[in-house]
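**Q** Protein chains in written order, with the working numbering: chain A, 1 to 176; chain B, 177 to 817.
Rather than coming from a laboratory, the hints here were simulated on the basis of the structure. For each residue, glycine too, the CB sits at the ideal point set by N, CA and C. Hints are not guaranteed to be accurate.
[Unchecked claim] Computed cross-link-like contacts, DSS-like style, restricted to lysine-lysine with a CA-CA straight-line distance of at most 30 Å: (1) B:LYS378 <-> A:LYS105; (2) B:LYS596 <-> B:LYS277; (3) A:LYS156 <-> B:LYS353; (4) A:LYS172 <-> B:LYS769; (5) A:LYS156 <-> B:LYS277; (6) A:LYS36 <-> B:LYS298; (7) B:LYS715 <-> B:LYS639; (8) B:LYS664 <-> A:LYS172; (9) A:LYS66 <-> B:LYS279; (10) A:LYS172 <-> B:LYS275; (11) B:LYS342 <-> B:LYS364; (12) A:LYS172 <-> B:LYS372; (13) B:LYS641 <-> A:LYS172; (14) A:LYS108 <-> B:LYS298; (15) A:LYS98 <-> B:LYS333; (16) B:LYS333 <-> A:LYS36; (17) B:LYS641 <-> B:LYS715.
[Stated by the list, open to error] A short list of chain B residues far from chain A (calculated; beta carbon distances all over 12 Å): (18) THR264; (19) LYS432; (20) LYS691; (21) PRO694.
[To be verified] So the derived list for chain B, only partly shown, Cβ under 7 Å to chain A, looks like this: (22) ILE255; (23) LEU359; (24) ALA368; (25) MET373.
As a plain string of letters, each chain reads:
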Amino acid sequence: MNNPYLGYNPVFEQLAETARNNSNKLQEAAGDIDAKETQEYLSLIIDTLSNNVIKFIGSLPYQDLKTQIYPGALEKYTKLSNNASIRDLFTNLYAIWKDAMEKIKASKYNGSTDFLKIYADANAGIDKIMQSWSALQTKAGNILQDPALVEFTNSKMQTLVASVQSSLDAAKTALS
Amino acid sequence: MEDMRRSIPSSKSIDEDKDERVENREERKRERKEGRFSDPSVSSQDRQYGAESSASGRFKISAFIKALEGLKNQIISKIVECDTRIKTDQTGTGTVAQKYKQKYLSFLDRTASLLGEIYSRKEKEGRNLEGDEDAIIIKAFRDNYNSILTELEESSKSFTTDIDTKAAEYLKGLKFKEITGPLAEADKLFAAASIKMDELLKMISQSVSSSGSSGTSGNASILTDTIKSGVSYKKDSKEGIVVIAVKKTIYEKFGKIKALSSSKDWIAVYKSYPNVGGTLLENTEAVIRAIKAGLADDYPELKGDTTGNITPAFVSALGRAKVNESASKIPGKLISFEDFIKSPKLTEGFNVDAATSAMSGKSSSSSSKGSSSTKPRVEAPQYNATPFTTDAEGNDFRAWVNQKHADWAKSNNLSAAGPKNNNYIRKAYQEFGEEYKGTKAAPESVKTEESFTNKQMKDLIDKAKNAGANCHAQLTDNGDVILYFHSKDGMEYGHIYNNMKTYYRAESGKIFSGKYIPDKNMVTFDEGNKSFSFDSVVKTQITNSLSSESAENAQGKKAYVGSASGTKVYVTPTYRDLDSTTNVIAKYDTADKYIGLVTSTTKRDGKTLYKVTFPEAIRPNKNGSNVFEDGWVKADSVNLK
Chain A
1 MNNPYLGYNP
11 VFEQLAETAR
21 NNSNKLQEAA
31 GDIDAKETQE
41 YLSLIIDTLS
51 NNVIKFIGSL
61 PYQDLKTQIY
71 PGALEKYTKL
81 SNNASIRDLF
91 TNLYAIWKDA
101 MEKIKASKYN
111 GSTDFLKIYA
121 DANAGIDKIM
131 QSWSALQTKA
141 GNILQDPALV
151 EFTNSKMQTL
161 VASVQSSLDA
171 AKTALS
Chain B
177 MEDMRRSIPS
187 SKSIDEDKDE
197 RVENREERKR
207 ERKEGRFSDP
217 SVSSQDRQYG
227 AESSASGRFK
237 ISAFIKALEG
247 LKNQIISKIV
257 ECDTRIKTDQ
267 TGTGTVAQKY
277 KQKYLSFLDR
287 TASLLGEIYS
297 RKEKEGRNLE
307 GDEDAIIIKA
317 FRDNYNSILT
327 ELEESSKSFT
337 TDIDTKAAEY
347 LKGLKFKEIT
357 GPLAEADKLF
367 AAASIKMDEL
377 LKMISQSVSS
387 SGSSGTSGNA
397 SILTDTIKSG
407 VSYKKDSKEG
417 IVVIAVKKTI
427 YEKFGKIKAL
437 SSSKDWIAVY
447 KSYPNVGGTL
457 LENTEAVIRA
467 IKAGLADDYP
477 ELKGDTTGNI
487 TPAFVSALGR
497 AKVNESASKI
507 PGKLISFEDF
517 IKSPKLTEGF
527 NVDAATSAMS
537 GKSSSSSSKG
547 SSSTKPRVEA
557 PQYNATPFTT
567 DAEGNDFRAW
577 VNQKHADWAK
587 SNNLSAAGPK
597 NNNYIRKAYQ
607 EFGEEYKGTK
617 AAPESVKTEE
627 SFTNKQMKDL
637 IDKAKNAGAN
647 CHAQLTDNGD
657 VILYFHSKDG
667 MEYGHIYNNM
677 KTYYRAESGK
687 IFSGKYIPDK
697 NMVTFDEGNK
707 SFSFDSVVKT
717 QITNSLSSES
727 AENAQGKKAY
737 VGSASGTKVY
747 VTPTYRDLDS
757 TTNVIAKYDT
767 ADKYIGLVTS
777 TTKRDGKTLY
787 KVTFPEAIRP
797 NKNGSNVFED
807 GWVKADSVNL
817 K
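Could you build all of it, start to finish, from the sequences and the hints given here?
**A** Shown next, in the form of structure tokens:
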């Protein structure tokens, strides 16, 4: 008992012991990855995921399908710079992709094998990134909950969103 | 009651509604038909998602628009990707992206022009273009589309390869393979998807790109058969229609070239324009010969063709031909066909000297003899061939002339990219070849005392890294190592070569050249003979000091747009407006253009800004009341003289 003002409580002691064990396990799982490395890997995974989600939704070759999917996806994407946790960011970004895939599969173009092959490859790629994210979670454990890292992630997303928006604005100007 | 009455339509309005519904149904039916492929080379499942129906012998505008929209989406997504990679350059792919972004922007520009033109056609002509009447227009649309698609495909392939190589290198250096392994696999899957996307675009455009296989039989025969000169074809005959179309295209495209339009042959052919006939006799022959001679530099298939015949090669070249930008300034994107086939963004390709020589030579001969094809062609002044074996080598030279001798390049219409051996570049090589050879010799002398070895260059790169610079090694074609450095956002960057030459590009696009002095660990720049420490150069901290003059020196000097191509100068009413470029009086991107006299200077966030008084007051909005006598520019975007 660290707190001299509290008496012995067996339930509390058991809970404290479990917490200590879990904390050790987490540290073991983290291996030798440190906060700086975690940030580097995290940044890489976010870049790859974000780039490809936006790229493949944005390059839908059929204008009517793009009109149906892209604006909604983009709207959700622009709100991704204020996440309570890093896990939230991945969940939301992945949801944007999955939603787009559902719409693609349900569209009139679902008979076009060549078209679906492209998005099957892209989908497999996105799943691989999520696998990488999962591996990072296992490796880095609690480090990912560091508020500084959450802030870094949000600020990174802010940069990515701003970049996408300014590119689209420039393209719009070029087309007007 | 009143509400009920209002909600019950009269019998007249019921009929109208019915008519409208029927009309809408028909419209939808037509649109469905137009969206279908009937090209047997396209798989049955994909056929219905593509562009053009081929059965009717017509060019389906809506199908072409669909293909163009797909192309546009692809290009925009590439630009977005480039920008993001430039902003988040963790894997070193930002530099690759920087290189490709300009290409994609130019593809977008060209696609925008095509879209503008096809929409305007749709408005004027309806759903289709007719194979016979609009043969050349259709050909021009297809050729332009094809050329963008092919270039995009090539760029995408090399972009993907370059990016993958960089990313793979980066991933290799990371130790946790359980994290990087799936990422590497993801990259491969995305690359495969990108390649398939290019193939799909090709498939969508199959009918658009084919010439003759799409069932446009009139069109196909027009473009594959030669129409012989010396005959007066009937206006409504197949040949007559083509002759008229060719005459009109020549007029629309080259009519602004005075040397041609003031000739007697031209005047004879076009005296009643737009009414032109199907005759392909002496005068028309002379005009066609002139155009062939003028285009021959860029279209070698026309070389040696001194006839007045309308050949498929000539029609094809005519559709793709480029004329000097100065011949016609194209405002906005919704342009007329006349403007569209002038390929407004391209700057050279028509040799006026050769054309006028061919025309005048033939004219005088035809007046004396009548038959044009027996007389020898009067050749345009020729220059010796350049030594360049690839377009890339030629473009390097062109870029060098445009930077080093900007005035000459401008007055001689030498663009920064183009064929490696046409008359323009030959003339430039004759003028500056020796000087250029001198500059090229330096990088080759890697092993001389004045050059660093690759090992020394690597040490230099380590030194830059230790100083905290964003930098890495790049390899030249010769296998030499050079140092590439850039700012965090990638907007400012530069190179130090193994012969110590240093190039530094400011955010505005202005380029400064200088030399690294190893003994002093300094870089001395040509402009103003200013020197800076190696660390501050590679950390891109020198832009402001490098480009700015002290207040007392700057005042009274004339401000010009920086001489490097791509330099942009924004002029704003107050210096605060320069923080963002939203409130802009004027924007200049023509190298060396005079802006105005510097009357005062100030500093803001460490950047020097100049106040300039314009030679003539600027009214940004023609109908607006705002008139500006002076404005502010960033020092790093201008040259002071």
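**Q** Hint by hint, note whether the structure agrees.
**A** Results for each hint:
{"no.": "1", "hint": "B:LYS378 <-> A:LYS105", "in the structure": "holds (22 Å)"}
{"no.": "2", "hint": "B:LYS596 <-> B:LYS277", "in the structure": "holds (23 Å)"}
{"no.": "3", "hint": "A:LYS156 <-> B:LYS353", "in the structure": "holds (24 Å)"}
{"no.": "4", "hint": "A:LYS172 <-> B:LYS769", "in the structure": "holds (27 Å)"}
{"no.": "5", "hint": "A:LYS156 <-> B:LYS277", "in the structure": "holds (22 Å)"}
{"no.": "6", "hint": "A:LYS36 <-> B:LYS298", "in the structure": "violated (58 Å)"}
{"no.": "7", "hint": "B:LYS715 <-> B:LYS639", "in the structure": "holds (12 Å)"}
{"no.": "8", "hint": "B:LYS664 <-> A:LYS172", "in the structure": "holds (26 Å)"}
{"no.": "9", "hint": "A:LYS66 <-> B:LYS279", "in the structure": "holds (24 Å)"}
{"no.": "10", "hint": "A:LYS172 <-> B:LYS275", "in the structure": "holds (21 Å)"}
{"no.": "11", "hint": "B:LYS342 <-> B:LYS364", "in the structure": "holds (13 Å)"}
{"no.": "12", "hint": "A:LYS172 <-> B:LYS372", "in the structure": "holds (26 Å)"}
{"no.": "13", "hint": "B:LYS641 <-> A:LYS172", "in the structure": "violated (38 Å)"}
{"no.": "14", "hint": "A:LYS108 <-> B:LYS298", "in the structure": "holds (26 Å)"}
{"no.": "15", "hint": "A:LYS98 <-> B:LYS333", "in the structure": "holds (27 Å)"}
{"no.": "16", "hint": "B:LYS333 <-> A:LYS36", "in the structure": "violated (34 Å)"}
{"no.": "17", "hint": "B:LYS641 <-> B:LYS715", "in the structure": "holds (9 Å)"}
{"no.": "18", "hint": "THR264", "in the structure": "violated (5 Å)"}
{"no.": "19", "hint": "LYS432", "in the structure": "holds (26 Å)"}
{"no.": "20", "hint": "LYS691", "in the structure": "holds (35 Å)"}
{"no.": "21", "hint": "PRO694", "in the structure": "holds (33 Å)"}
{"no.": "22", "hint": "ILE255", "in the structure": "holds (6 Å)"}
{"no.": "23", "hint": "LEU359", "in the structure": "holds (5 Å)"}
{"no.": "24", "hint": "ALA368", "in the structure": "holds (5 Å)"}
{"no.": "25", "hint": "MET373", "in the structure": "holds (5 Å)"}
Of the numbered hints given earlier, the model fails hints 6, 13, 16, 18; all others are met.
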